[in-house]
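What follows is each chain in one-letter form.
There are 4 protein chains.
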Amino acid sequence: MNKVILVGHLARDPEVRYTQSGKAVASFTIAVNRNFGGTPEQREADFIPIVAWERLAETCGNNLTKGRRVLVEGRMQVRSYETAEKQRRYVTEVIAQNIEFLDSRKQGGPETGAAPADMSSFGKDVFPDEEIPF
Amino acid sequence: MNKVILVGHLARDPEVRYTQSGKAVASFTIAVNRNFGGTPEQREADFIPIVAWERLAETCGNNLTKGRRVLVEGRMQVRSYETAEKQRRYVTEVIAQNIEFLDSRKQGGPETGAAPADMSSFGKDVFPDEEIPF
Amino acid sequence: MNKVILVGHLARDPEVRYTQSGKAVASFTIAVNRNFGGTPEQREADFIPIVAWERLAETCGNNLTKGRRVLVEGRMQVRSYETAEKQRRYVTEVIAQNIEFLDSRKQGGPETGAAPADMSSFGKDVFPDEEIPF
Amino acid sequence: MNKVILVGHLARDPEVRYTQSGKAVASFTIAVNRNFGGTPEQREADFIPIVAWERLAETCGNNLTKGRRVLVEGRMQVRSYETAEKQRRYVTEVIAQNIEFLDSRKQGGPETGAAPADMSSFGKDVFPDEEIPF
DNA sequence: TTTT
DNA sequence: TTTT
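Residue numbers (UniProt numbering), protein chains in the order written: chain D, 1 to 134; chain H, 1 to 134; chain P, 1 to 134; chain G, 1 to 134.
Worth flagging that the hints you see were computed from the coordinates, not collected in a lab. Take the hints with a grain of salt, since some may be wrong.
As the list claims (entries may be wrong) - Under the rule of at most 30 Å between Cα atoms (straight-line distance), these lysine-lysine pairs were calculated in the DSS-like manner: (1) H:K23 to H:K66; (2) D:K23 to D:K66; (3) P:K86 to G:K86; (4) H:K86 to H:K23; (5) H:K86 to D:K86; (6) D:K86 to D:K23.
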C-alpha cells in the first residue's frame with residue numbers, strides 16, 4: 001500500500017517530455033494548502049511535484065494549466081541521482097495514477113452555460129524501466 | 001486534502017528527539033515495497049521518511065524497532081533548508097497522523113499465546129511552529 | 001484503518017437534528033459519479049449517505065445545499081435496527097471526519113469577484129454513545 | 001473519487017460464484033475494529049461486505065479463509081433490488097480493486113521458516129454489466 | 001545509509 | 001522557483 005491523495009492548484013504549467021522509446025511523461029507541481037487547522041490568515045502550502053505517464057501525461061499536457069485545481073491520486077516515489085560533484089541526491093515525487101480536474105472548464109476557455117462536468121483520466125500503474133527525462 | 005497511506009517495514013529504529021519547548025519528535029524511515037505488478041523477482045522499495053509528534057512520537061519510540069511492519073496515515077510535507085554552502089535543499093517527509101502496528105507483538109518480545117491485537121495510536125494533526133530538530 | 005474519501009454532489013439539502021444531550025447531527029446524501037472508465041454517455045452514480053456530528057454538522061447545515069460539490073473524508077459504519085415487523089435491517093453510512101467544500105461560493109450567494117476560496121471544516125473522530133436521531 | 005481503504009479480518013470464508021458469462025465473483029465480509037479512540041475494552045467492529053471480480057476473485061477464493069487479515073482498497077457501491085414483497089432494498093458493498101494479505105501465511109498452512117512475504121493481487125476497476133449472483 |  |  002502506497003497511496004497518496006492530494007487536492008491542490010497547479011503552481012506552473014505541465015511540461016511534457018518523451019522518453020527514448022517515445023513514452024510521454026508530464027511533470028508539474030501542485031500547491032496544497034495547509035493550515036486549515038491554524039489561523040486562517042497564515043496560508044501556507046506544500047509544493048509537491050507530480051509525474052504522469054503515457055495517456056495520462058498527454059491528458060495533463062492538453063488540459064491543465066497553471067492555477068487549475070486538481071485531485072491527484074498516486075503513489076510516493078523516491079528517486080536518487082548523482083550530482084556533477086558525485087553527491088547522491090534524493091527527489092520525492094508523486095506518480096499519478098488518476099487525476100480529476102476539479103474546475104468546470106479549462107482556464108480561458110469559453111464559459112459554457114452547461115452544467116459543470118467532472119473530467120477524469122485514468123492511467124494504469126506504471127513502473128517503467130526508463131528514466132524520467134529531465 | 002493531503003492524505004498519505006503507506007504500509008511498510010521500519011528500515012531503522014526510530015530516533016526520538018525533543019524540541020526547545022519539550023515536544024517529542026520521532027523520525028524513522030519505512031521501506032515500502034513496490035513492483036507487485038511487475039515480475040515478482042525484482043523487488044524494489046521506496047524508503048520514505050516518517051515524522052511523528054508528541055504522544056504519537058513517544059508511542060513510536062516505545063514500541064517500534066527496525067523491521068516492524070506498520071501502516072502509516074499522514075500527510076506529505078516539503079521542508080526546505082539551507083546548506084553550509086548557502087544552497088537551498090528540499091526534504092519531503094510524511095507527517096504521521098495515525099500509525100497502526102501490523103505485527104502482533106514487539107520484535108523479540110515473548111510470544112504470548114494471546115490473540116494478536118492491533119495496536120493503534122492517534123495524534124492530532126499538528127503544524128508546530130517549531131523546527132524539527134536534527 | 002477504515003478510511004473513505006469521496007467526491008460528489010449533494011443530492012439533497014442537509015438535515016440537522018439534535019440528540020437528547022444536544023449534539024448536532026447532520027445527514028445528507030451525495031451522488032458520486034462513476035463510469036469514468038466506461039463509455040462517457042451512460043453516467044451512473046452511487047448515492048451515499050453521509051453523517052456529520054457536532055461542529056462539523058453545524059458547518060454543513062450552514063454552508064451546504066443541494067447540488068454543492070464536496071470532498072468527504074470519513075469512515076464506513078454499518079448500523080442495524082429493527083423494523084416494526086421485527087426484522088433486522090442494516091444501514092451503511094459514511095461518518096464524516098473532514099469535509100472540503102469544492103465550490104468557490106455558496107449556491108445562490110452573490111458571485112463575488114474575489115478569488116475562489118477553499119473552505120474546510122474539521123471534526124474529530126466521534127463514536128458517540130447516542131443513537132443517530134431519525 | 002470514490003476510494004475506500006479498510007484493514008480487517010475475514011468474518012467468514014469467501015464464497016466464489018460465477019456469472020452467466022463465466023466471470024468469477026468472490027464475496028465475503030470483513031470485521032473492521034473501531035473504538036481505538038474509546039475505552040480499549042469495549043471492542044466493536046463494523047462488518048463490511050466485500051466483492052471481488054475475476055482474477056482477484058479467484059485469488060481470494062484460493063488464499064483467504066475466515067480469520068485472515070487483509071487490507072482492502074476499493075470503492076463503495078450501492079446496489080438496489082426488489083424483495084418478493086415488491087419492496088426496494090439497498091445494499092452497500094465495497095468493490096475491491098486491490099487486496100493485500102497481511103498475514104505471512106495461509107491459516108492452518110505449515111509455518112515455513114521462510115521470511116514472511118507480502119502477497120498482493122491487483123484487479124482493474126470493473127463495472128460489469130452483469131448482476132452480482134446471489 | 002536501509003525493510004521483509 | 002511557485003497555486004487559490
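Status of each hint after checking the structure:
| no. | hint | result |
| --- | --- | --- |
| 1 | H:K23 to H:K66 | holds, 23 Å |
| 2 | D:K23 to D:K66 | holds, 23 Å |
| 3 | P:K86 to G:K86 | holds, 18 Å |
| 4 | H:K86 to H:K23 | holds, 29 Å |
| 5 | H:K86 to D:K86 | holds, 18 Å |
| 6 | D:K86 to D:K23 | holds, 29 Å |
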